[in-house]
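Undergrad: So the chains spell out like this:
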Amino acid sequence: MVAEAVALGKVYGDGENAVVALSGVSAVFRRGEFTAVMGPSGSGKSTLMHCLAGLDAPTSGTARLGGTDLGALSDDALTALRRERVGFVFQSFNLLPTLTAWENITLPLALAGRRPDSAWTEQVIAAVGLGDRLDHRPAQLSGGQQQRGACARALVTRPEIVVADEPTGNLDSRSGARILELLRRCAREWEQTVLMVTHDPIAAGYADRVLFLADGALVDEMPEPTPERVLDRMRRFDSPAVGR
Amino acid sequence: MAVRAVVAQWSRFVLPLVGVVLGVAFVSGALLYGASVRAALDRAQPSGIVIEGAAMTPALAARIAEAPGVQSARLRSTGRAFLVGPDGGVVGPPEWAVGADHVGDTVRGHAPGGPGEVVIDDQTARRTGYDVGDVVRVIVGGVARDARVSGVVAADPMGGTFMAFDPATAHRLFGHTAIEVSGAPDTTALVPLLPEDAYIASNAAAGDGEKLTAILLGFAAVAVFVAVFTVANTFTMLAAARAREHALLRAVGAARRQVMRGVLAEAALLGAVATVLGHPLGIAAAWALNGLFGVGDGPPVPLRPFTPVPVVAAVAVGLGVTVAAAYLPARRAAAVPPIAALRTGLPPTTASSRTRTVGGAAATVLGSALLFSGSQDLVYLGAPLLFLGLVAMVPLLATALTALVRGPLTRIAGVRGTLAAENTRRNPRRTAATASALMTGLAICAAVTVPIASVAAKAQRDAETGDAADVRITPMDFATAAADLPARVAGLPGARAVTPIVPAVLDLGDDRVGVTGVDPTTIARLVPIRVTDGTLDLRRGMAVSTETAADTGWRVGSVASGDVAGAVVSLPVVAVYDAPDGFHHDALVDAAVLPEDRTPTTVLVQAEPGQADALKREITAALDNPTMLVRTRAEHRDAEGARFDPFLNILYALLSISVLIGALGVVNTMTMSTIERTREIGLLRAIGLGRRDVVTVLRLESVLIALLGTLTGLVAGGVVGVAVVLTQGGLPVVIPWGRLAGFVAVTTVIGLLAAQWPARRAARTHVLTAIGASE
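Chains A and B supply the protein sequences, listed in that same order.
Each number in this note's numbering comes from the position in the first sequence (counting from 1) with 90 added on.
Each number in this note's numbering comes from the position in the second sequence (counting from 1) with 6 added on.
Heads up, a few of these hints could be off.
[Claimed, not checked] Partial list, derived from the structure: chain B residues whose beta carbon lies under 8 Å from chain A: (1) THR424; (2) LEU689; (3) ILE693; (4) GLY696; (5) LEU774; (6) ALA776.
[Unchecked claim] Pulled a few chain A residues facing chain B out of the computed Cβ check, cut under 8 Å: (7) ASP146; (8) ARG172; (9) ARG173; (10) LEU186; (11) LEU189; (12) TRP192; (13) LEU201.
These are calculated hints, taken from the structure and not from any lab test.
Values in this document were obtained by computation on a predicted structure and should not be read as measured data.
For every residue, glycine included, the Cβ atom is placed at its ideal position computed from N, Cα and C.
Go ahead and model the full structure; you've got the sequences and the hints to work with.
TA: This is how it looks when you write it as structure tokens:
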């Protein structure tokens, strides 16, 4: 087990304005497992990811990463944890415009003051296929290349978990497929734990399992998903009783 | 709409507003203080007519008294008189220490009844605690004596230290110096009555008030110039931040002119607020200056803050300058194509334009050529040209310099250094505009500091090499030495050799030669003179320097005949000599041949070996006269080097306002940049940049901008300063590295402080909020 959510709850605001984002979500993420989290807008899927990645603090329950209780960590310790033990891929704006692709990819190592492990870094860069683009700035890269750069950056520290927030949301289907294949490959070949939030059934189809969230609660889990089955499951959220 | 836009974004307008407010306050303050000084100087003028000059005689007074319209013409005797305070120092500013013959009434006590009595003014009495009956020490003509205070008179409105003596004593001390005319005569009718060297005293000092206003306005102009950069930069940054808003306006049908007018209306509003805040601040500043640095040292003249000129100037600077500074950014804002409303992402940053760089380089080269052409007039043309050329080139320099420091910074601060260097160069124009604001003040600092340092170094070197005196005595400014000073010092047991230095001019009719009176028996021991021809026996005649010999054609054996202060003399040339640079006198004579009223400006003394400090103490005690400065060789050297420090300090104080406005510009730019980059900072925080690292990156960036401005400014100013020094033949070029390093240190601190607020804000923003922030 790499990461764990135990009765995780998150409430924004207080009193009458309180909004419940998560209400008691428990889940376990195993090593080398590629998990997709799905659910309608506002279901709490991003909040769950943020809490597990040390970006947000739950108001109740516990988030653990490799045995560390994130709730017990100071801001500095959380920063170090994100730098060393978590890899991030966001939907957009993943790379710093002022740095080259190489500098962006090795940024977490530079932040930690570490020298890149050259064999591993080369392997990652080869996997994302950016070997001939390392001197380019993000503005000179395509959207797909930028996201692959972000994946490489997420992998370069060999984190305990890679979290990806709608990593294909801004891409055409071919570029998106390349990202998803990459994520699946690192889970299978490198035993990299991956947690991906998405609303795209095709993207979810690449995962080993799908968690379904609705109104801040875990409502279903689907092992060995296919796009058709995920789509089918998602349609049930669209019924007037649950959808929004 | 403009009001709403400004109110909605008030935080972005605060810093440029402060900049303009300071500029307006500086202009208003300069005008008001200048006017007050002028009024004070006008008030200081005597109400009646005063005739001054060399030939004030009872006969002249009698002739004037008979002129039509004259009621009375009275001879007056006035001059410098210093009062020694209870602390042993001179009371009040020496330039306002005046002695005169007693006329009029006393407020208490009685008029001075003889040479042992004196009357003082009531302000001085209050200041010193002296009163009727006290015995005080009075210094006139370098001679200190005791006198009993017999009475107190009303203080002059100009203030100062006033002492009055009985008319006979005053006449003995000062001679007759003026004729006071009462009544209402036609002054043009008086002029023919006056001898050649007498004149009707005019308001000569009023010109000083005008000059002061002009100087202050010059520095105010620099401050306003710097504020222009800040305002223009703000509107440029706002235009970038609101490009999509403007594009949307254009897309829904707003004309370019309407968008532009909207931006200019915001500028006008900002300017109006700046005027309303700046003028009162200027009034306060003038009021404070008036209190601190009044004319004379009397009570200040009240300010008249709402006269038309300062008010109009405040509006013109506040409103006019702000709108003018916003004009170009407004035009650029209006030029946004409507389609930009639909685009995503930040608008591309503009690189330094080629025309600007080429033009700047041309101006820089031409400016430097003019500076080093050797002509003093061309320096005044070359300096601004060089400066403007460099300002145009700063974007290029920003790109080049940051590329240069990227490597070293990365080595020192790791990836934080890389990020800071890259951030500085991502928008070279913005960096340049911010740096230029700081550059302006520092360029002027350097341009003045280098020549002053060179002059000071020369003065110091002259002080070291000019003579071999162990101790020297010089009257402080506005004071004179007594004629018997050399003799008194020579009588002290510790003094081995003494010579006075008594300046005089030998008028040859068609030419004038400075003749310096010295002691013939000791001069060769106190000044390292090398005689090239003849023998240095000044008792038999005059020694001339080789330069003078070359100019006049005199040789040993020639006889120079002429007039020294009215006395005809005939002096044979007995020697031609070379003296060190620091001892620049045309010719040396025996001080005894000069008229008695010539007093020494310096007395050089040689001590027993190693006894200089003891001799200094001995002389100080013997003279007991605070107007005589007794200095050892080292003290003299230091005093010579520090002579220009007060001037430099005033200059720095005046320029500090400009530097402050420039510093606000750095804060402004840093604030706007961090707001623009909120998402980027959020991303960095997410992937592991600590809060303190965020602060470090922004601090480094801020310091880089500040240093860019400082270094370009110091180089520009330094080049101008060196050019100025080179036009003055014989001056060594001295670069005051220490002071320049001090400037760099100050601006580094400014850079650090400027990042403080934006960096803390950025570090505090929650990662998720930052990532979610709209572009």
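Undergrad: For every hint, state whether the structure bears it out.
TA: Status of each hint after checking the structure:
Hint status for THR424/B: holds, given a least beta-carbon distance of 7 Å to chain A, under 8 Å. Using the Cβ-Cβ criterion of 8 Å, the hint placing LEU689/B at the interface with chain A is satisfied: the shortest such distance is roughly 6 Å. Checking ILE693/B against chain A by beta carbon gives a least distance of about 5 Å; that is within 8 Å, so the hint holds. The criterion of a C-beta within 8 Å of any C-beta in chain A is met by GLY696/B, whose closest approach is roughly 5 Å, and the hint holds.
Taking 8 Å as the C-beta contact cut-off toward chain A, the hint placing LEU774/B at the interface holds, the least distance being around 6 Å. Hint status for ALA776/B relative to chain A: violated, with the closest Cβ pair at about 11 Å, above 8 Å. Taking 8 Å as the C-beta contact cut-off toward chain B, the hint placing ASP146/A at the interface holds, the least distance being around 6 Å. Checking ARG172/A against chain B by beta carbon gives a least distance of about 5 Å; that is within 8 Å, so the hint holds.
The interface hint given for ARG173/A holds, since its Cβ lies 2 Å from the closest Cβ of chain B, which is under the 8 Å cut-off. Taking 8 Å as the C-beta contact cut-off toward chain B, the hint placing LEU186/A at the interface holds, the least distance being around 6 Å. Of the supplied interface hints, the one on LEU189/A holds, with its beta-carbon coming within about 7 Å of a beta-carbon of chain B, less than 8 Å. Hint status for TRP192/A: violated, given a least beta-carbon distance of 12 Å to chain B, over 8 Å.
Taking 8 Å as the C-beta cut-off, the interface hint given for LEU201/A holds, the closest approach to chain B being about 5 Å.
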